[in-house]
Structure formats: C-alpha cells, structure tokens
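In case you want the letters, here they are:
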Amino acid sequence: GESVGLHLPTLSVQEGDNSIINCAYSNSASDYFIWYKQESGKGPQFIIDIRSNMDKRQGQRVTVLLNKTVKHLSLQIAATQPGDSAVYFCAESGGSNYKLTFGKGTLLTVNP
Amino acid sequence: EAGVTQFPSHSVIEKGQTVTLRCDPISGHDNLYWYRRVMGKEIKFLLHFVKESKQDESGMPNNRFLAERTGGTYSTLKVQPAELEDSGVYFCASSQVLPGTATGELFFGEGSRLTVL
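Same order as they appear, the protein sequences are chains A and B.
Sequential numbering from 174 applies to the first sequence in my numbering.
Sequential numbering from 31 applies to the second sequence in my numbering.
One chain only, chain A, in its complex shape (with noise of 0.2 angstroms):
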C-alpha cells in the first residue's frame, strides 16, 4: 500500500474514544468541504462534505463542523473503532465546483 510521509500528522486513540481531526484551509472562497479516507492501498473515500452556508453536518457517528472566521475544519469521530484507522484528508473547492484542494492528511490510529 501506499506509505505515509514522514511529517504527517498523526492521532492516536484508544477504541471507543471519540476522535477530533482538525484541517485548515486558506482560500476564503472556498464554498465546498469534503473528508476523505483512505485506508492502506486504496483509493480517497468519501464520508462526509458540508457547504459554507452550514456550520455543522452529521453523519453516521461523523460529524463536520466548519469555522469559516478562522478557516477552519474538523472532523469527529464517535465511539472509534479499530477499522476506523486510516489517513484522513480534506478537501474544499473554491468556486469551480470540480477541482479538490486537498489537505496533507492525519493518520489516525485506533489502539484495541
């Protein structure tokens, strides 16, 4: 599978812990969020985006906030388990809509 670099960032957690990834962005046009996850050897998977006009979105045990004052993303995590154990990025588009910016991603590691 593919390895990480050497300066990702990392988060440790033991399971049933809830998780927080933390992502900031610069680009103040930006109108479109996505997390990604990606597990060794596979692609990018889509789990959660959120529009600028929305601070806060929840998913199946994930939710997204964004703090577009500090240009800010985050990513929860409930009750985190061993296969949620991956790289997560994110990602924004700013106004075309098509091109994804990505972040440079945190490795997140569930302990059993």
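One or more hints might be untrue.
[Stated by the list, open to error] With a straight-line cut-off of 27 angstroms between C-alpha atoms, the simulated BS3-like cross-links for lysine-lysine are:
| hint | chain 1 | residue 1 | chain 2 | residue 2 |
| --- | --- | --- | --- | --- |
| 1 | A | K229 | B | K108 |
| 2 | A | K244 | A | K229 |
| 3 | A | K277 | A | K215 |
| 4 | B | K108 | B | K74 |
| 5 | A | K277 | B | K108 |
| 6 | B | K45 | B | K108 |
| 7 | B | K45 | A | K241 |
| 8 | A | K244 | B | K71 |
| 9 | A | K277 | A | K244 |
| 10 | B | K74 | A | K215 |
| 11 | B | K81 | B | K45 |
| 12 | B | K45 | B | K71 |
| 13 | A | K241 | A | K277 |
| 14 | B | K74 | A | K241 |
| 15 | A | K277 | B | K74 |
| 16 | B | K71 | B | K84 |
| 17 | A | K277 | A | K210 |
| 18 | B | K71 | A | K241 |
| 19 | A | K210 | B | K45 |
| 20 | B | K84 | B | K108 |
| 21 | B | K84 | A | K215 |
| 22 | B | K74 | B | K45 |
| 23 | B | K74 | A | K210 |
| 24 | A | K244 | B | K81 |
| 25 | B | K84 | B | K74 |
| 26 | A | K215 | B | K45 |
| 27 | A | K215 | B | K108 |
| 28 | B | K71 | A | K215 |
Hints were generated in silico from the structure; no laboratory data involved.
For chain A, the structure is supplied; the task is to place chain B on it using the hints.
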C-alpha cells in the same frame, strides 16, 4: 456496480522510460479526474475531463505528461520520459455531476503507484 478501476496498480520503471496509466471510470460518469500524491505531499489535482474534452489541465506538471480520453470512456495518462520526481501514486476519480453544479461525490480508484528509479 464496478467502481473506478486503475491499471497497473504498481509500475517500476527507470528514469527516461515511458509509462502509461489507465483509468476506467464508473459507467455513465462524464467527469473524470486525475490526481497524484507525491511522497509526503498533498494529493494534487492534475486535470479534469468532461467526456472526451479536457476541461482543466492546469495541474499537469509539464509537457512530459499527456492525458487522453478518446471516446469519453477510459482515460490514459502517459509520462514520457519519466523522471525521478514523477514517483508517487496517481489517482483517478469520476463523478456524475457536471461542472458548475454541486461537486457531489468523487469516486476514487485505488491508485497506480509509480516508482521511477
């Protein structure tokens, strides 16, 4: 329904050689994208096809890279001649929605890992 498929999954070539990566999008998806992730860096946009037309190729690094999508179905990305800095994972994605509307969900393939020695 089959997802986005990419071939080869891994290619090891020497500097100066040519490699062609292939992507088969999800059937019916007019939009096809190429992204790549160089070691330790972010996933970066390369280009976007709408059917057989290049909508945006602003992310292509240089003229050693050539992408095609003849007939608006599968796409190829050729690197000729390959350089060491081309090593990385090349992802293809497809989506059903049209540009200018909601981005919607991009479905990614598993990527083609390119190693240039």
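*Which hints from the list above does the structure break, by number from lowest to highest?*
Violated hints: 1, 7, 11, 19 and 24; rest satisfied.
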